[in-house]
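A.B. asks: Residue strings, one per chain:
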Amino acid sequence: MSQGINVRGYLSQQELRNAPGYPSQERLARGPIVAIECIEEIPCNPCEQACPQHAIIIGKPITNRPYLDEDKCIGCGLCIPQCPGQAILLIDLTYSQGAASVAFPYEYLPLPKEGQTVRAVNRAGESVCSGTVIKVQNPKKNDQTPVVTVAVQRKYATEVRGILRSRGRESG
Amino acid sequence: MREVDLSIVGAGPAGLAAAIEGAKRGCSTVALDMNPRPGGQLIKQIHKFFGSREHHAGTRGIEIADTLLHEAESAGVEVLIGAEVYAIHDSILEVAQTFGGDSPPPLSGGATTSQSRPLSIEARQIVLATGGAENALNFPGWTLPGVMGAGAAQTMSNVWRVLPGERVLMVGAGNVGLIVSYQLLQAGAEIVAVIEAAPRIGGYGVHAAKIRRAGVPILTSHTVVRASGESRVEQAVIVKVDASWGTVPGSEEELDVDTICIAVGLRPNARLASLAGCKFDYSPSLGGWVPIHNTRMHTTVPGIYLAGDLSGIEEASTALEEGRLAGICAASSLSKGHVGDSEEIEAIEERLLSLRSGPFCQRLQDAKQKLIEIGEAQCPKE
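First to last, the protein sequences are chains A and B.
For the first sequence, the numbering used here begins at 1 and goes up steadily by one.
For the second sequence, the numbering used here begins at 1001 and goes up steadily by one.
So that you can see chain B by itself, here it is in the shape it has in the complex (with noise of 0.2 Å):
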């Protein structure tokens, strides 16, 4: 049994955060992720992010990964990676090796293959920083070859560098569904149309522009109804959505597409946080069920603490921010705090307060602030 003061669970810009505030402070620091790379989503993000200079602004989303993992590995923490956590009781991890250390990737399978090393990790305190996963939209034919989920599309686009088709319909017009559509485009794919259920693009009006001023349609107020083909996605047929949310009949639409993207909206990743016994609350502005925290993003279990995507979907920014967060309070907690923490932890709240300012954002910093009003009640204060 491996001991340490701090295990994070998932590598993303959360758990890379939490971690090196962690190590930083002296604390023994264990991060675990199941991908073959560290970074979480950063490590596809080509495109330059948002935001102010402390949050990496006008860096691509790549870069502020190889960023944060050499502050990690200088700061002392060890990442491992093919790590799946599959259990989570007490203090004690338990955690499936597929690979790392010696042992190369595997062209395919997950960590439950006859080949996978278990160990246990017994840390005095845990951050959950498991990331989103995305939605899915359930329609005849979305289990053809060729449907597959935004994310999936941008993963083998931009991590394998395997186009994973020519002709794509994108359902859905937030932020994703913009983005993944311009990076396709890069990548040489056609998109044959961005399609959006409500009548609004979701995203931002900057990410919609570069890809309308590319050729590619964006119709608002439309859904897939269907998706057929031999033995894959050869066609998708789109309609018109009323006010009402309902179809209007007859303005049905035959699109020749290979690929269809689902960019429906992400939510937390929570199943480890389940499995530890986390109490959760309903939220849709922050993407379905969020496991209460309070403000110092500890749950209602003693030790574990949570970051990023699963505390509720926002950006990479916040998720950093709340990362170091989490990071800095778990330290704390085992009297490794720095002096000034407390204005570190001020200023963190400041900017986090700032990232969730804006018209774009009310609902989900009002969402959050009831998830974690419910979090100062429920949650153990140390």
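Chain A extracted, bound-state conformation (with noise of 0.2 Å):
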């Protein structure tokens, strides 16, 4: 039995290196990036039509996997919200010596806030490292999926897939 994204839930490292959505490791240390983990042949394509730069192909037939265009990626970030199954997360490993910024959508209440420390999460929900909050974006075209940027010691950037939530009510 395979220990993939159907039995655990996540991607293994063996199913993201196959990934046509996920760059190489050449790409992401030259600067930002997304990474689209997204490997089941889902009918589904608003990632095609949010990128300004056509760096994502699916084309026909609809159930394609986004194919990424490494060196087309701007590293804008605007695909992030698109993507109704949230497989999308944006990488700078050169955001500063030392750290790696991590951008990805995080749709719960309450929202961190920009300067926050926090515990960040691989794909398991485990905390690997703490993290900062460098950005909180969630403008109308987000359509209230916020995207959440925070700032990471380098070596834990390509684990980073979120962050420990606040169990904290807001009230009201």
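By construction, these hints were calculated from the structure, which means they are not laboratory data.
All values reported here derive from a predicted model rather than from experimental measurement.
Do not rely on the hints blindly, as some may be mistaken.
Partial list, derived from the structure: chain B residues whose beta carbon lies under 7 Å from chain A [claimed, not checked]:
(1) 1052
(2) 1205
(3) 1212
(4) 1334
Even for Gly, the Cβ is constructed at its ideal location relative to N, Cα and C.
Mind assembling these two chains? They're in different frames, but the hints should get you there.
C.D. replies: Listed below in structure tokens is the structure:
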């Protein structure tokens, strides 16, 4: 039995390596780029239409998996909130000296605040390192899918997939 | 007796789409829905939909419901809410309307209270779009308060804004189980675990990944054997399942939960189709007993069409396309078709084929094909 997404509920390293939407190590090292963690043949293509650089290709049939043209992607992240599967994140290994940034969709309340220290979690929801929230973007065109960017130590950047949710309830 | 060209039963995505196409072609159209709000399951879908632009991809279900209702109103469809169809004979629908119009929705109770208004509608063509119903799972303690369908939990949370519980066990890792788990997390509940009797997660990996990174365990090859509690669920006992679907002795684990959501599949909600005399075929891939229909969404009973989950459990996007098809065909049988309808029908069939493509849908596509082949032989041509 494979220990991939169909059993564990998240992608294995091998599945990630084989994903046509996941960038190469070389391209990741050069600066901001999205990573599309979508490996199943689902009939879905909003990411293709969301990319102003035409860096995401699905074509026909619509069940093709998204292919990322890593030379065309400029790392704008516009596709992140458009993916109904919340499968896209933006990784910038060159964010600062020693630190990388990771941006991901985050549809929970309360939203973290910029500057806040948070625990970053991996694909299995396990806390892997601490991080600092550097951006919380929720413009109207995101249609209530806020995108949160955290800075983390570079060595954790490709593991980080979200943050530990705050269990605090906001009143009102 | 009201007389209309077209009456639609069920104002979800399939029913509304059928109503819109019928009304656009000049049919006097009434869409009946027993719920206080039309839109079917769409009004509970607060997540963004998959698909392509024609299928509102990236749009939240509840927004799709608003768009459809708006379109229906502009096309001249009359939508009656609180209207439960309890009988169907010849071309007459017997309806009990509990609220809607001048009456406010009741706080509780169905359509058979003493205040309900009887209403008979004679429709020249009928489209049944009564949707699906959740399958139950029986185990000791399953009648305790706190054990409910995942769809019920979703209705409580997303429509009525009531959190069904604080600590939830989700039974079933198909798309419904995964999506409702995510939405209950968003609403502030804790999902103690999602369990799945099969050795694999049935729903889309991206839905599973969303709740996994939120810290929710997904236990494949596990099932629930018992719920216990004084006056409501307090504990659930889960157990491992082996390759031959037997439970593994000694693998019991007790979980402290106050809610158990059952998400073990849907079946066509076919009682009205059965009352109407439609012939059925049994198709596990489509959810069980399904009314036989042909390529034009016509059942075996003259003048009765169907669309959406009633014709086999699928997605909202396929329900929309089937609804359009049923609406166009029903209108054309009243000689109210538009020039260009045959091209329109071809385009819809092509979109349906593309929606049903891919490995997730192969079995379903085959089952649908088989059902339609039976329908082509058994259903009236017009």
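A.B. asks: Each hint needs a verdict: does it hold in this structure or not?
C.D. replies: Hints and how they fare:
no.	hint	verdict
1	1052	holds, 5 Å
2	1205	holds, 4 Å
3	1212	holds, 4 Å
4	1334	violated, 33 Å
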